[in-house]
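Enquirer: Starting from the given sequences, assemble the full structure and let the hints guide the process.
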Amino acid sequence: MLIQITLNPGTWSASSSPDYFSFADLIATFENTYENFATSAFPNNASTPTNKQAAFVHTGPTSAPITMVQAITQTLGLKASFYSDLPNTVAYNQFATSWPEYPGQLVLTQESLVL
Numbered sequence: 001m002l003i004q005i006t007l008n009p010g011t012w013s014a015s016s017s018p019d020y021f022s023f024a025d026l027i028a029t030f031e032n033t034y035e036n037f038a039t040s041a042f043p044n045n046a047s048t049p050t051n052k053q054a055a056f057v058h059t060g061p062t063s064a065p066i067t068m069v070q071a072i073t074q075t076l077g078l079k080a081s082f083y084s085d086l087p088n089t090v091a092y093n094q095f096a097t098s099w100p101e102y103p104g105q106l107v108l109t110q111e112s113l114v115l
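The sequence shown maps to residues 1 to 115 in my numbering.
Incorrect hints may have been included.
Said to hold, decoys possible - Once the Cα atoms are required to be at most 16 angstroms apart in a straight line, the calculated EDC-like pairs of lysine to aspartate or glutamate come out as: (1) K52 <-> E31; (2) K79 <-> D25; (3) K52 <-> D25.
Think of the hints as simulated: they come from the structure by calculation, not from any bench.
Expert: Okay, structure coming up:
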């Protein structure tokens, strides 16, 4: 049996310890609104690799902006992401309008990395 360790502090700051990356397989380093999404919000150095990070983005446009999807897959190379156009109060309780389209957008932007 393969055990995966996921941590979800939801935020990351300069005072956060990079030691968590030594044992975690996935760390949610961003959980915030689309308006606050920025590549600079993710720590990115040898001790905090982005391929162990996840973004949880809510309260955005009905369709996930392609620039954000490209930032997640191509610029940052995050291991996982969640996107919802719904506000945080219901984003994790209701099926988002954006979901039928979002997984396809992720796949397309990941495929363009291979080409």
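Enquirer: Taking the hints in turn, state whether each one holds.
Expert: These are the hints, each one checked on the structure:
1. K52 <-> E31: Holds, at about 15 angstroms.
2. K79 <-> D25: Holds - the C-alpha atoms of D25 and K79 are around 9 angstroms apart, at most 16 angstroms.
3. K52 <-> D25: Holds, because 6 angstroms separates the two Cα atoms, which is no more than 16 angstroms.
Checked against the numbered hints given earlier, the structure satisfies every one of them.
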